[in-house]
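Student: When you read off a place in the sequence shown, starting at 1, and then add 9, the result is the number in my numbering.
Rather than coming from a laboratory, the hints here were simulated on the basis of the structure. Note that CB positions come from ideal geometry on N, CA and C, so glycine has one too. Incorrect hints may have been included.
Think about it this way: if two alpha-carbon atoms lie no more than 27 Å apart in a straight line, the pair counts; the simulated BS3-like pairs of lysine-lysine are [what the hints assert, rightly or not]: (1) Lys-296 - Lys-176; (2) Lys-17 - Lys-282; (3) Lys-110 - Lys-202; (4) Lys-158 - Lys-62; (5) Lys-289 - Lys-341; (6) Lys-215 - Lys-231; (7) Lys-269 - Lys-296; (8) Lys-114 - Lys-215; (9) Lys-176 - Lys-110; (10) Lys-158 - Lys-250; (11) Lys-17 - Lys-202; (12) Lys-114 - Lys-90; (13) Lys-202 - Lys-323; (14) Lys-202 - Lys-250; (15) Lys-282 - Lys-250; (16) Lys-323 - Lys-337; (17) Lys-231 - Lys-337; (18) Lys-341 - Lys-17; (19) Lys-231 - Lys-282; (20) Lys-324 - Lys-303.
Label-pair ranges, simulated between beta-carbon atoms [what the hints assert, rightly or not]: (21) Thr-287 - Leu-175: 44 to 54 Å; (22) Asn-195 - Asp-307: 46 to 56 Å; (23) Glu-214 - Thr-287: 43 to 53 Å; (24) Glu-197 - Ile-330: 33 to 43 Å.
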Amino acid sequence: MNISNSRKFVPKDATIAITYKCNSRCQMCNIWQMQNPPELPVEWFANLNPELKYINLTGGEPFLHPRLPEIVRMVYRVAPKAQIIISSNGLATDLIIETMKEILKSGANVGVRISLDGIGETHDRIRGIPGMFGYATQTVRCLQALGLKNIGFSFTIQDENKDDLLKVYDLSRQMGVELALALVQNSEIYFSKDSNRINAVEAVEKNLTEVIRRELAGPTRKHWLRAYYDYGLLLYLTEGKRLLPSGAGLDSLFIDPSGKIYPSNLINLEMGKLGTGTLKNIWNSTKANAVRDKIRQDNISESWIICTIRGEMKKHFLKVIWWIARNKFTQKKGK
10 MNISNSRKFV PKDATIAITY KCNSRCQMCN IWQMQNPPEL PVEWFANLNP ELKYINLTGG
70 EPFLHPRLPE IVRMVYRVAP KAQIIISSNG LATDLIIETM KEILKSGANV GVRISLDGIG
130 ETHDRIRGIP GMFGYATQTV RCLQALGLKN IGFSFTIQDE NKDDLLKVYD LSRQMGVELA
190 LALVQNSEIY FSKDSNRINA VEAVEKNLTE VIRRELAGPT RKHWLRAYYD YGLLLYLTEG
250 KRLLPSGAGL DSLFIDPSGK IYPSNLINLE MGKLGTGTLK NIWNSTKANA VRDKIRQDNI
310 SESWIICTIR GEMKKHFLKV IWWIARNKFT QKKGK
């Protein structure tokens with residue numbers, strides 16, 4: 010039986026690239042090379058569904074979209090219970106702070122994640138801008154001064170920054186912000202770069218294992234859940250295996266600046282276009298169901314990424330809790 014005949018699907022987790030304009034020159038991404046990149050119209054956000062729980066507004070550099078505050082207000086009106094995260098490179102500090110002042114007036118549940126892929130010159134080289142590390146950290150401090158609580162760094166693990174992982178982890182703790190990790194990867198529909206791969210697996214494994222140990226020893230549930238997620242990264246890196254299935258195309262999705270809807274930013278199978286109707290109807294259309302069938306029949310997978318795993322962690326919470334309890338116990342025993 011095709012999956013299209015089984016049940017209705019409701020998207021809960023959306024990553025939305027609102028513009029491909031970008032002011033950095035990242036070595037693992039080609040987006041900044043695009044000429045006359047598209048931008049999502051504000052009006053199309055009215056087609057989102059109220060059941061969305063988590064929305065990541067990304068780019069390119071989302072703060073270069075001139076109507077970002079309007080987008081946030083529209084998202085808040087349509088999906089008032091959603092947590093909105095804006096992913097930024099942190100370069101344009103003044104623009105980011107002025108825009109956030111306007112956004113915070115909306116009353117939406119908004120956070121910001123600033124990319125930080127190393128300390129000092131390491132981050133500058135990876136992001137292709139001299140002084141980028143200083144801009145990123147200064148932006149975080151300014152956001153804190155603004156009173157924003159939900160702030161974090163996003164660290165993309167790759168060969169060049171493998172020795173900076175623990176340093177950035179320590180910095181995030183010193184500055185009192187979150188730290189989200191991802192493995193460098195390639196995508197036909199997003200940051201296309203065939204050279205994106207990790208060769209120094211053993212070195213990354215050592216440092217990532219230490220991060221997991223520290224998170225497991227942390228005082229809160231949030232630390233423990235991050236330990237589980239980070240272990241999923243480690244397992245995928247070292248063995249190519251997944252701890253949990255992917256929610257891509259089921260309850261999570263990616264929308265590019267032209268409005269095209271995909272299961273995730275790593276799966277090049279178009280499911281519809283946001284400007285043609287409501288997301289809920291598009292999500293259960295014949296075209297979308299055909300994509301789900303293809304993913305299942307061809308066993309199409311992707312790497313371990315938070316936007317398609319968050320919902321699966323909630324669905325399999327007993328498995329997650331058991332892993333946390335078992336590993337905290339063995340860690341206390343010194344194993």
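Student: For every hint, state whether the structure bears it out.
Tutor: Hints, one by one, checked against the model:
| no. | hint | verdict |
| --- | --- | --- |
| 1 | Lys-296 - Lys-176 | violated (46 Å) |
| 2 | Lys-17 - Lys-282 | holds (19 Å) |
| 3 | Lys-110 - Lys-202 | violated (35 Å) |
| 4 | Lys-158 - Lys-62 | holds (19 Å) |
| 5 | Lys-289 - Lys-341 | violated (46 Å) |
| 6 | Lys-215 - Lys-231 | holds (22 Å) |
| 7 | Lys-269 - Lys-296 | holds (13 Å) |
| 8 | Lys-114 - Lys-215 | violated (44 Å) |
| 9 | Lys-176 - Lys-110 | violated (31 Å) |
| 10 | Lys-158 - Lys-250 | violated (35 Å) |
| 11 | Lys-17 - Lys-202 | violated (35 Å) |
| 12 | Lys-114 - Lys-90 | holds (16 Å) |
| 13 | Lys-202 - Lys-323 | violated (32 Å) |
| 14 | Lys-202 - Lys-250 | holds (22 Å) |
| 15 | Lys-282 - Lys-250 | violated (32 Å) |
| 16 | Lys-323 - Lys-337 | holds (20 Å) |
| 17 | Lys-231 - Lys-337 | holds (14 Å) |
| 18 | Lys-341 - Lys-17 | violated (44 Å) |
| 19 | Lys-231 - Lys-282 | violated (35 Å) |
| 20 | Lys-324 - Lys-303 | holds (23 Å) |
| 21 | Thr-287 - Leu-175: 44 to 54 Å | holds (45 Å) |
| 22 | Asn-195 - Asp-307: 46 to 56 Å | violated (18 Å) |
| 23 | Glu-214 - Thr-287: 43 to 53 Å | holds (44 Å) |
| 24 | Glu-197 - Ile-330: 33 to 43 Å | holds (36 Å) |
Going through the hint list in order, the structure does not satisfy hints 1, 3, 5, 8, 9, 10, 11, 13, 15, 18, 19, 22.
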